[in-house]
Amino acid sequence: MKNPFKSKVPEADRVPIGQKIAYGLGGQLEGTAVWIPKANLTPVFNIGLGLDPVFIGVILMIWRIWDAFTDPIMGNISDNTRTRWGRRRPYIVVGALLTGLFMPFIWWMPHGLSQWQMATWLGLGGIVFYSLYTLWAMPYYSLQLEMTPDYDERTNITSWRAISQKFMLLTSGWILALATLPFFSTHADGSPDLVNGMRWISIGLGIFTIIFGMLPGLFVKERYYAKETSKQPRQPLIAGLKQTFRTPPFLWLLVIVISKNLGVGLVAALGFYVNAYYVCRGDLALAAKMQGLKSTAVFLPGILAIPFCTWLSSRYGKRFLLYLTGGIAITGYLSIYIFYTPAHPWMQVFSGLLIGPLATGLWLVAPSMQADIVDYDELATGKRREGSFSAVFSWVFKASTAATTGLSGVVLVWTGYKAVYGSVQPAGVAESLRDFYIWIPVGFIALSLFAVSRYKLTRERMIEIRAELEARRGVI
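Its first residue numbered 33, the sequence shown is counted upward by one per residue in the numbering used here.
Because the hints were derived from the structure by calculation, they are not lab data. Among the clues, some could well be false.
With a straight-line Cα cutoff of 25 Å, these simulated SDA-like cross-link-like pairs (lysine to any residue) come out [as the list claims (entries may be wrong)]:
id	residue 1	residue 2
1	415	102
2	253	93
3	321	215
Pair ranges (Cβ atoms, derived) [unchecked claim]:
id	residue 1	residue 2	range
4	488	213	27 to 37 Å
5	239	42	38 to 48 Å
6	414	488	45 to 55 Å
7	232	42	44 to 54 Å
8	40	213	29 to 39 Å
All residues carry an ideal CB built from backbone N, CA and C; glycine is no exception.
My request is simple: use the sequences and hints to build the entire structure.
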């Protein structure tokens, strides 16, 4: 009997398992540097330190404006670098080291600062931190785009990163619960101390970042470097950016990713508030535990979904997977009306199980689709510009992330929530938090599904492109 899960990837196109593991483990840094700050910055600095949520949003937007300069520059530098170790690997090693060393700085803000002093600390610290992260991130993302020329093996590579990052998602879901442990409390009554807990946790995250962030730079090979990219002419920054924005499939991919990111990101910070004030009726410790419970409950199904989604992509295509996971996620958000209930807080796990495949599907195939776009662009320009595409993709994604984080503070204000009221919020606020948490994602996910219909690089088209490229410059 034929095994439907058996790989169809030619032996010459397969990436050794050790390199896949090393690359996948490197993706943990994305969690420590992006996901954990995104999910925990507002609760820690707003609830813990009293910084205005709108202030936090403005700072995060400033960080992304800074990225608008550093990401394309670093992508172009990496594309044009020529060393005996390649054009990606040296930056990955050095970038991981510096990012991990600086990581605790943001969270060790002194107590007693004014609003403006807190904003200055957070703003300048974030600019330095994300500059160091960019040094690692642009070469890391670019490296994945050149590990194999095969349509399906590209998705197989990202599946290893997705599995690795599921463990980070499990960890990040418990960050607030860990930070509220009495062990970290500096309060006389032992009450939760988010600020001090996050300080000490950030040191561990920094060590974690250094260890796992270096692995891709130490063990993954650059497939195209020796035979092609080391010999291609260097490209000026502005010319490369113009060409990148003239690539139609890439623009539609950006719409797909931005729509889903806006939909989920605008309410990411609200998740804790919905738990705290709607489900748990003001009990912050219970809300933090529910966040951790949900992350734990969806962990194993999320891991098991990755090989199944990889098979679906291999069998039916990348667009099919995006349609399917998007539709299931819309159902999941609507189910919040049923499963988010004060009577049974644990039932929210069921909504999480339906929403989870959205991220699995997107981040399984989006990097793989970028690699397809690089081939499409090489056919048109004669150059491989992984760094340029990675830089623009990363910046647009981070810009949308900053917009969602910043605007989520505004959304929080729109719901009527006010920190000064503590656990007893005005009537209707809890329900308003829940409604925003549902309908914002539903609308944006629907928009992303339209964008999927406009993306035309199917398996058949990529086979044609590869054949034309290999006829022109040979097999690599």
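Tested hints:
{"no.": "1", "hint": "415 to 102", "verdict": "holds, 22 Å"}
{"no.": "2", "hint": "253 to 93", "verdict": "violated, 35 Å"}
{"no.": "3", "hint": "321 to 215", "verdict": "holds, 16 Å"}
{"no.": "4", "hint": "488 to 213: 27 to 37 Å", "verdict": "violated, 51 Å"}
{"no.": "5", "hint": "239 to 42: 38 to 48 Å", "verdict": "holds, 40 Å"}
{"no.": "6", "hint": "414 to 488: 45 to 55 Å", "verdict": "violated, 21 Å"}
{"no.": "7", "hint": "232 to 42: 44 to 54 Å", "verdict": "holds, 49 Å"}
{"no.": "8", "hint": "40 to 213: 29 to 39 Å", "verdict": "violated, 49 Å"}
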